[in-house]
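Both chains are sitting in their own frames, so use the hints and assemble them into the complex.
Protein chains in written order, with the working numbering: chain D, 693 to 1227; chain W, 6 to 303.
Note that these hints are calculated values from the structure, not bench results.
It cannot be assumed that every hint is accurate.
[Said to hold, decoys possible] Partial selection, computed: residues in chain W whose CB lies under 7 Å from chain D:
1) Glu109
2) Asp133
3) Phe163
4) Leu165
5) Ala169
6) Asn173
7) Ala176
8) Ala228
[As the list claims (entries may be wrong)] Pairwise CB distance ranges (calculated):
9) W:Arg186 x D:Leu771: 54 to 64 Å
10) D:Arg844 x W:Ser261: 48 to 58 Å
11) D:Gly988 x W:Val280: 22 to 32 Å
[Stated by the list, open to error] One-sided excerpt, in silico: chain W residues whose CB lies under 7 Å from chain D:
12) Ser161
13) Gly162
14) Glu172
15) Glu175
16) Ala179
17) Ala180
18) Ala284
19) Gly287
The beta-carbon is built from N, C-alpha and C at its ideal position, and this holds for glycine as well.
Residues per chain, in single letters:
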Amino acid sequence: MTAPQPAAQPTASYGTGHTPVVELRGIRKAFGDLLANDDIDLRLRRGEVHALLGENGAGKSTLMRGLYGLVRPDAGQVLVDGRPVSITSPKDAIAAGIGMVTQHFALVAPMTVTENVMLSSVGLGPLDLAAARRQVKDAAARIGVAIDPDARVEALSIGEQQRVEILKALVHDCRVLLLDEPTAVLVPQDVDALFTTLRRLTEQGLAVLFTSHKLHEVSAICDRVTVLRRGRVVTTRDVDGAQARELAELMVGRPVTGVARDAVLGFETDEAPAARRDVDVPAKTVLRVRGLTVAGTASQGRRALFDVKLHVDAGEVLGVAGVSGNGQRELVDVLTGMREPVAGSVEVDGVDLTGAGPQRLMDAGVGRIPEDRHASVVPDLSVEDNLVMEHLDEFRRGPFVDRRKVRAHANRLIEEYAIKAGPTDTVGSLSGGNMQKVLLARVLDREPRLVIVAQPTRGLDVGATEYVQRQLLRQRERGAGVLLVSEDLDELLALSDRLVVLSEGRVAGELPVQEATPERLGLLMAGGTIEEVTA
Amino acid sequence: MTTLIALVGAALVSATPLLYATLGELVTERTGILNLGIEGTMYAGAFAGFLVAASTGSPWLGLLGAVVVGLLSGLLMGLLTVTFGVNQHVAGIGTTLLLIGLSEFVNRLKYGGGAVPQIAKFGLLFRDVPVAEQYLLTYIGFLVLAPVMWWVLRGSGFGLRVRAVGENPEAADAAGISVTRTRYAALLVGGALTAIGGAVLTLAILGSFTLNITAGRGWVSIALVIFARWRVWPAVFGALLFAGVDALQLQLAISSTFESVPRELLIALPYLVVVATLAISGRGVRYPGAYLRPYRRA
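If we strip away everything but chain W, and leave its shape as in the complex, we get (with noise of 0.2 Å):
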């Protein structure tokens, strides 16, 4: 019992990180613009919020950075894919190639490849109480952001407008709404969102900066939005479901029964998951009708 209380308290955290980054990805997928460059705005949300809280002492200001880094790449994706309408691929791998080499570059710079230091970092609320005792960034991803997302899709002028620049952006230019600000403002918010999804691991989770810290996550945000068909909840499902076999096999690591199965095994364990899950979920999926389609006035 205790075991199980302490799996879903991990997952609820290591879920976080991936609920941002898959909620801002799916906003902007629903504008039908598929950012690759997702990986790399996490890595970069990682290192910035860890480089200010380190220079500031303020996880908080941390977070700011994050931001700021998260809306410059949703930025840079725009003009690359917006803008210029370059192949989204090729834009989004290389944005994520620029930003991870960028922090690494600067992390270099500034700590010469030596340790680097513990930050303040974000406390737990709810101390000792199982399951509840979270982040405040966990709580807001799951109980504002989530929902108000989900609202947002469904119920708002903002909402419909992005469905329909996603689906059919000849009929949302015909109808007076721009295509390049709705896929513009998307990509600023996905890209915002993703990047506190990677601040949460160094500003709350880990309070430090390693290489390879987001170990992927990104991509499988991209996975968790086609799983989830491109709606919240699903992907909020997603998210959970991932770390929540992230959060086991870290258990079964440690436990006596599996000291034989190689840990890398174990560590793949999640991901081996994602692609099952793809595999028999994936087939049939209705893609948003203008998915990496430049628009360009005829």
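Isolated chain D, as found in the complex (with noise of 0.2 Å):
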């Protein structure tokens, strides 16, 4: 690393105290009937971190990918510095003075850092990578972080791989930074550093607007909020004295109550984790895994899965914490049939059930609900025939299908798990979140002994959120056994019982949820030992 440079002055004014850096009036956006927009006016301040605070389909994304020119506004103006400009691609954006960190980061993944700083600025002759190079390293110098222009996008992690898309905005001399959902990737630590860069940033003059559904985060860096519900502004207000539960309740429209609720959005409970009512049920493990090793892809090159120990009890659920594609997903797949382990054992109840397939599974008491529950359903077909595909046996009258009986199930599991939905609409129609609850319906009206969930709240409203989690912590009290395998630390928080954290295939540490604070496992998720953590 070079020794660090005085930071690249930008050329361009930031406009005055007065006037907004960048001014939104009346910004409307529908898809089909859904409004997603409805009139919004924003007012962006330099030097300043603004939230954009709302539930999904709240409309934050929407108008944010609108001020980009990602999307194309239906109605209503774009004012920066006070002069009213036309964006309808990236590349107006970029002329303006925006840059924008998208949810799913914009990034080549072959390529190295420094060809994919260069993308938005690239002509068609010949590369200077030499001079990219330099404004690489400027750029990382002016938000303090170290990074190697020319490794390769794919071998960096996902806070690395953000930092990138931070360089990439600054390289224009950006003064406006979009980010949308910034910290939903990322570890507890690498949310530190982000919001560390952010307030570089602001100090050097920038305006950044962020979308967040995380409270708790909100309080911590920004200055002001502005609550999206429904496609409207509920209000914009200063963070200072802003009460969480207040928040809360302007972004979901009325009073929230709940553990889990709480616990996911972020702010303090009075009830404490260790205070969780205690299943009655005999302390008897129903899922047992010892040396568990899958081989890894070619381009992992390495084992997915490292003698990977863990066990689940009846009455508990065990969160299985980590950062994505720490092999996560290849546990899943081994537990539910869809892989094999080179070595170690799969107990189900005592019964060895190593590289046992789906059904043998099933039929030993194991549900599963996958994290690409698109990929679990057939959306073509109709909601009641969904529900019977893993148990069509059971529904047959000789050879056909017994069809009154199919939609006679239907209809009790429609009812009872509250599906928005008729028996004959095809899945795919349905919103992520009734596709859940059928799937929720479909594998919990077996009562598995043995639950095996992955993401199962990831993309849903809060509603349809805590009517996942709360069905899940009733398989709990029910005294099956939940493996629940989440990207989400607070959701992982709220339901477990204990936690394990995979890091690179290995189980890195194993804490009682008591135990367990965003720190500690965020350390072990970016490899920390347990001595480590618990020290």
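Structure below.
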């Protein structure tokens, strides 16, 4: 690393204290019948971190993508430094001094950091790699991070990739940085590093707008917050003095209660996790995994899982934490019969089921709710057909499907699980929340002894999230064992009795929930050892 | 020794059409588009080159005619796969069927299915110098096109755009690069190169036109691109390998040792080599990230 260089001074003016750097007036955007943005006004001041807070589907991302030219608003006006500008593509946004880090990083994985940074300014002729490399180093120095300009992006951690995204925006002298759910993918330590970076940037006069649905982040970093609900601005206010609970109520639109929800929304609960109701079932191990080793893919070139040992007791939720891609998917695949381990054993209720296929595992009482819910249903088939798909034999009359029985079954589950759909609607037409409910109903109705569930609430709104989490806790109370894989630490802490952390395919550590703090989990996720963490 | 030298010389000739077509397909696929229209484009390029040369008497004008046809076929693929987002397999095979059918139709219209004329064809450079005795298009292909293509993909802004669009069109779009324009550009360049590859068959090698003149070389090029894992120099090597085996089988066919081997088997030999190399090297291939994926802004 070269000696810190004086920060490259942006040449563009930042606007005066009174004129907002960016002002949105009456932004409107509809997708079909859905009004994603309804007459939104927003003013962004220089040097502030401004949060856009709202539930999934509140219109945060749409607004941001509209400002960056990735979505074209139906109506409204954008003013930069008080002058109206027309932004119809990211190119216009970049020219207006607006940079954006999208939720799914817009990085080309096999390319180097420098090549990625060059993308937005590249012409057709020869590349000046040396100059671009210098730009990357300058921008990195400006936010005080070290980054190898020649590293391939695919070899970087998620936190580092996000830094590359920020660098990309900075090399264009951006004065406004838009961040869409920047913390959703980060371990807690990376969140801290991101916030440090953002503070450095606002000190240099940048304005930062970022979306979140986590209140504690908003109070940690933001100066002002705008709350969106169903496409409309509910309020814009200073964060000082804005109570977390009050913001949550504004965001959801009704009073918020409930243990799971409090923890999920990320503010303090009165009830300590330790005080969680004990389940009165005999301590019996429903899942025991020993020495589980799974071969990695050719590109991983190493083992995806190595010598994993864990167990799940009846009436217990075991949370599996880890940065995505550290073996969680392989673990779930093995436990649901979709992948064969190269070594180790899997016992369900004391029966060895190593290498068993999905059918045998299901028969043994394993219910699975996998990560990719779209791949777990047949979107073109009806709700009722999807509900019986895994157990067609039970809905037969001779060689034919007993339609009446199927319909009765569907009606009962639709009622029981509050699925907002008719039995003949195709599953593909349902919202994420309702699709997840179909999956839950299909699996949980059979009262499995062991539930394997991955990212159950990803992409769901607060209401559906709460419903799904409550259903999982109900399984625990019923006496089933639940293995919960999630990237959402708040969710893990709210639901689990015990947590294991996977890092590079190994169990990095195991903690009872009372001892698990986000910091400790973060350290383990980042490759720390349990001794370091609990020392 | 003389046999070997003759073999190398013949391989270079036979590799030339493949080289143009393979590099054309390579740049197209790098933007994420599998152009299965390549066989038809080669065929139409061969025929258009022949037709124009036959009516004007100039192979150069014939070459120009082939380039125009190649550009048009690239434009057609672009309309189908980029603008309308049609399934690339369907669009490509449709384009191939259309272009071959069209060529045959015009051929019958013009020559009534009878004998086609011989045309004035490109001459050889360095006459009577072993190996170096080649067509100008062969020299251009190996000494200009391949290095330029390699540099463009690696060291130019256009190449960076092509790679970004093929790996992650969302990222390219967010960076202000037009996915549509980049893909069209690659399809046009690829179409023109492929058509030149076809025209080499009529304007240089054969000096005439026959039915099924391309003999599946377009499909071979597609295999070679995968074999080369979308890199220029391995693609050049692949073209040479195929052509080398092709030249070898021609030699074997006239040697007394292989007299009893059925002719058809020998002709099939280079294709079998392609199948074998793909079976061996084609596993664990990392395709461009956006391979076969039409891009639509969300």
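For each hint given before, does the structure comply? Return the numbers of the non-compliant ones in rising order. As far as the earlier hints go, 1, 2, 8, 9, 18 and 19 are violated by this structure, in ascending order.
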